[in-house]
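Asker: These are the residues of each chain, in order.
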Amino acid sequence: MAEPMLLRGVDRAAFAVSFTERLRRAGVAVAINRAETFTRAIDACMPTNTSALYWLARTTLIDDHRDLPVFDKVFAAVFADAVLPVDPNARRSDPPGPPPPPAADEAHARVPADSSEEIDGQGLPWTTLPTVRDEADDAPAEGIVVPERLPSHLDHLADVPFEALSEADLALVGRWLEHAFLRWPTRRTRRQRPSSTGQTLALRRTLAAARQSGYEAVRLVWNEPLVKPRRLVMLCDVSQSMQAHTNAYLHLLRAVTLHADAETFAFSTDLTRLTTALRVKSAEAAIEQANHLLDDRFGGTRIAANIDALLRSHHGTCVRGAVVVIASDGWDSDAPEAMAKAMARLHRRSHRVVWLNPRMAAAGYEPMVGSMAAALPYCDETYPGNTLRSLAEAFTSFVAA
Amino acid sequence: MTGPFADVADVQARFDAVDYLADEGLATALFLAATLGQPLLLEGEPGVGKTAAGKAMAAAMGAPFVRLQCYEGLTAGEALYEWNYQRQLLAIRLGEAHGTHLDEADLFTEEFLLERPILQCVRHPGPVAPVLLIDEIDRADDEFEAMLFEFLGESAVTVPELGTFTAAVAPIVILTSNRSRELHDALKRRCLYHWIEYPTPSHAADIVRRNVPSGSDALIGAATDFVGRVRDLDLDKAPGLAEAIDWVSALVTLGTADLVRADVVRTLGAVVKTPDDLDTVREALDDLGYREAAG
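So the sequences go chain by chain: C and E. Counting from 1, one number per residue, gives the positions in the first sequence under the working numbering. Counting from 1, one number per residue, gives the positions in the second sequence under the working numbering.
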């Protein structure tokens, strides 16, 4: 070929690894084997221009189209002088007449900085923040759009914060929640049930069916494992700072106790198990019993100590493989390190950890509280959970996951 | 390492010969899939030609084409292999009638094995590697993904009773996904990846011209331009290239020479497929340059 090959005399493996590392630093999760594939691809293709190299790198290193803008940026930073005129993807992502890309040296320094501006809050994995901001204009930002199952008679209450709801409205909300558990994350049990797509032979049923064909087992009956909904464990903060939301959350706790077979706890300074108290048909009686149990209500908060207490108590096993929902504003009198330790333990033991924090509804919220910041890395999801719509979003998202 | 293609330009030329116009990115991805022997995961909006790319790959290589359409509840029995139970039963009865003794080993032989698409590809004798298209993998269950790992990683299928079948010539595997759900990292790690964009208007016109040779240039230009602009409207389902091709075919069948409003309204059903989208497009027709007066 007349054109000279790119990267002549360059250690291709070293180039591939350092380029991969650059992508990782910019926030693209590149699997460990992809650098090797990239090297093999360069060997197979012998790229003669940057456009060819761009496609080689993109095909072998990226596995999600959402990473493409970052990839383009990193690639442009490395091959800034040549890539833009020939590369169709870069032309697509930039509107016509963009300013020329920054000089290579400047771009090198900027790549990590650029990606960290998306991840705000002092380097925390604070990726849920954008959806919280979207709450105002009510447009799900991206990804899977979760259908919200809100009955029409509750629609006018959907965006009203819980603290502004009347007692009667709260009861309505509670009743809606009772029906919101139609679909839920499931786990496989050791029991079996007959199914046409099953994988194990149902011996007894096969033999029973064989009776009709002269004991010749012509038709085989199959079993598949039975799935059960995962247990829900809900912890609710009833301290002073959460006072406005406590009543709504008690209704929520009762709904999940009755209909999702959940274990429910409330805490401020001490942990109180509410499951038995709330398992009463009458809403008023249940809430009254719960309030009676909560003698430390509206006191200070010790979140870390209470999570720890739950894990160490004999109820600690109920967390295993469960969906754990913590409703709290994150104000904790324990040290952030204790919080991180407790949350790490909780996260390891459970299936998912979801944090409902009413303060996140405020625009521009950032997890400034030390203990909230310490807890965030261990939360699979965070929601404001201060309105019915937000709760619906939170609960339907478990189903989508 | 030698593959069926000499270089990326060769891929483009040979795809061109089977009427599939691949841009440089897709051609590179297909070239690497064929040369490195790694599966290729194609993603993109519906109707950008993911499935067609798989078919064109087989046609360009002159290779046998095997397609596995995924759906919810797809099991190993339908994708890998199955034992022909009824035939085994019959063999036992025959054996009894003839007084011959049958071992278990006699019943689990290749004679009783029903090959399904994946095993079929693995046992393909060659010399040309078959092209396996695993279409819409996102529709299958998570378990099915996990089941593919052995095949995708080593081009092998293990039948416990018979042992492991390893492909003599590694099949070229193309997976497509519509992103209705996130695929597992372990699956993505084993695959090359290419995201197919909507083609540029001129490229789209070339593709439509190739697929509907009887259409005039003016009609095809106007139609692809229209579809491109409809795509920017707020629609439930944006029309892809497949819709553009269908539409131009419809217009050609109706004998349309140049596109006017009446023709657009008449054949809109080929482009947009939901009542809401139809309303949206009809309302926007004026802005799109097809005014009432013109038709």
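The hints are simulated quantities; they were obtained by calculation from the structure and are not laboratory data. Any given hint might turn out to be false.
Here are the simulated SDA-like cross-link-like pairs (lysine to any residue), alpha carbons at most 25 Å apart as the crow flies [as the list claims (entries may be wrong)]:
#1 K228(C) <-> E197(E)
#2 K281(C) <-> H259(C)
#3 K73(C) <-> K237(E)
#4 K273(E) <-> E24(E)
#5 K228(C) <-> R181(E)
#6 K228(C) <-> D141(E)
#7 K73(C) <-> Y198(E)
#8 K237(E) <-> L68(C)
#9 K228(C) <-> Y198(E)
#10 K228(C) <-> D23(E)
#11 K228(C) <-> E283(E)
#12 K55(E) <-> K228(C)
#13 K237(E) <-> D64(C)
#14 K237(E) <-> E393(C)
#15 K228(C) <-> E72(E)
#16 K73(C) <-> E24(E)
#17 K73(C) <-> R189(E)
#18 K228(C) <-> A76(E)
#19 K73(C) <-> E45(E)
#20 K55(E) <-> Q69(E)
#21 K237(E) <-> R189(E)
#22 K228(C) <-> Q69(E)
#23 K73(C) <-> D23(E)
#24 K228(C) <-> A284(E)
#25 K228(C) <-> E284(C)
#26 K228(C) <-> R139(E)
#27 K73(C) <-> D185(E)
#28 K73(C) <-> E197(E)
Pulled a few chain C residues facing chain E out of the computed Cβ check, cut under 8 Å [as the list claims (entries may be wrong)]:
#29 A41
#30 D63
#31 L220
#32 N223
Cβ coordinates follow ideal geometry from the N, Cα and C atoms, glycine included.
Asker: Would you mind marking each hint as holding or not holding in the structure?
Answerer: Cross-check of the supplied hints:
1. Between the alpha carbons of K228(C) and E197(E) the distance comes to roughly 41 Å, so the proposed pair goes past 25 Å and is violated.
2. For the suggested pair K281(C) and H259(C), the alpha carbons sit about 11 Å apart, so the restraint of at most 25 Å is met.
3. As the CA atoms of K73(C) and K237(E) are separated by approximately 30 Å, the hinted pair breaks the 25 Å bound.
4. Restraint check for K273(E) and E24(E): not satisfied, since their Cα atoms lie roughly 31 Å apart, outside the 25 Å limit.
5. With a CA separation close to 22 Å, the supplied pair K228(C) and R181(E) stays within the 25 Å bound.
6. At roughly 17 Å between alpha-carbon atoms, K228(C) and D141(E) fall within 25 Å of each other, so this suggested pair holds.
7. The straight-line distance between the Cα atoms of K73(C) and Y198(E) is roughly 21 Å, inside the 25 Å bound, and the hint therefore holds.
8. The suggested pairing of K237(E) with L68(C) holds, with an alpha-carbon distance near 23 Å, which does not exceed 25 Å.
9. Straight-line distance between C-alpha atoms of K228(C) and Y198(E) comes to about 42 Å, which puts the hinted pair past the 25 Å bound.
10. Taking the CA atoms of K228(C) and D23(E), the gap is about 48 Å. The hint is violated against a cut of 25 Å.
11. Restraint check: the Cα-Cα separation between K228(C) and E283(E) comes to about 49 Å, which exceeds 25 Å; the hinted pair is violated.
12. For a cut-off of 25 Å, the pair hint linking K55(E) to K228(C) is broken: about 42 Å separates their Cα positions.
13. Under the criterion of a C-alpha separation no larger than 25 Å, the hint pairing K237(E) with D64(C) is consistent with the structure, at around 21 Å.
14. Our distance criterion of 25 Å between C-alpha atoms is met by K237(E) and E393(C), whose separation comes to about 24 Å.
15. Distance hint between K228(C) and E72(E) is fulfilled; the C-alpha atoms sit about 19 Å from each other, no more than 25 Å.
16. With a CA separation close to 20 Å, the supplied pair K73(C) and E24(E) stays within the 25 Å bound.
17. Using a Cα cut-off of 25 Å, the hinted pair K73(C) and R189(E) holds, with the two alpha carbons roughly 22 Å apart.
18. A hinted pair counts as satisfied when its Cα atoms are at most 25 Å apart, and K228(C) with A76(E) qualifies at roughly 24 Å.
19. Between K73(C) and E45(E), the direct Cα distance comes to roughly 23 Å. Compliance with the 25 Å bound is thereby established for this hinted pair.
20. Proximity of K55(E) to Q69(E) is assessed by CA-CA distance (about 13 Å); at most 25 Å being required, the pair is judged to hold.
21. The hinted pair formed by K237(E) and R189(E) fails the criterion: a straight-line CA distance of about 30 Å is larger than 25 Å.
22. Taken as a hint, the K228(C) and Q69(E) pair is broken in the structure, with Cα atoms around 29 Å apart against an allowance of 25 Å.
23. For a cut-off of 25 Å, the pair hint linking K73(C) to D23(E) stands: about 21 Å separates their Cα positions.
24. Between K228(C) and A284(E) the CA atoms are separated by roughly 49 Å; this puts the pair beyond 25 Å, and the hint is violated.
25. For the proposed pair K228(C) and E284(C), the alpha carbon gap of about 30 Å is over 25 Å, so the pair is violated.
26. Distance check on the hinted pair: K228(C) and R139(E) sit about 22 Å apart at the alpha-carbon level, within 25 Å; holds.
27. Between K73(C) and D185(E) the CA atoms are separated by roughly 23 Å; this keeps the pair inside 25 Å, and the hint holds.
28. A hinted pair counts as satisfied when its Cα atoms are at most 25 Å apart, and K73(C) with E197(E) qualifies at roughly 18 Å.
29. About 5 Å separates the beta-carbon of A41(C) from the nearest beta-carbon of chain E, less than 8 Å, and the hint is met.
30. Contact between D63(C) and chain E, as hinted, is supported at the beta carbon level, the nearest pair being about 4 Å apart and thus within 8 Å.
31. For L220(C), the interface hint holds, the least distance from its beta-carbon to any beta-carbon of chain E being 6 Å, beneath 8 Å.
32. With a cut of 8 Å, the hint placing N223(C) at the interface with chain E is violated, because the nearest CB-to-CB distance is about 13 Å.
The structure does not agree with the numbered hints 1, 3, 4, 9, 10, 11, 12, 21, 22, 24, 25, 32 stated previously, though it agrees with the rest.
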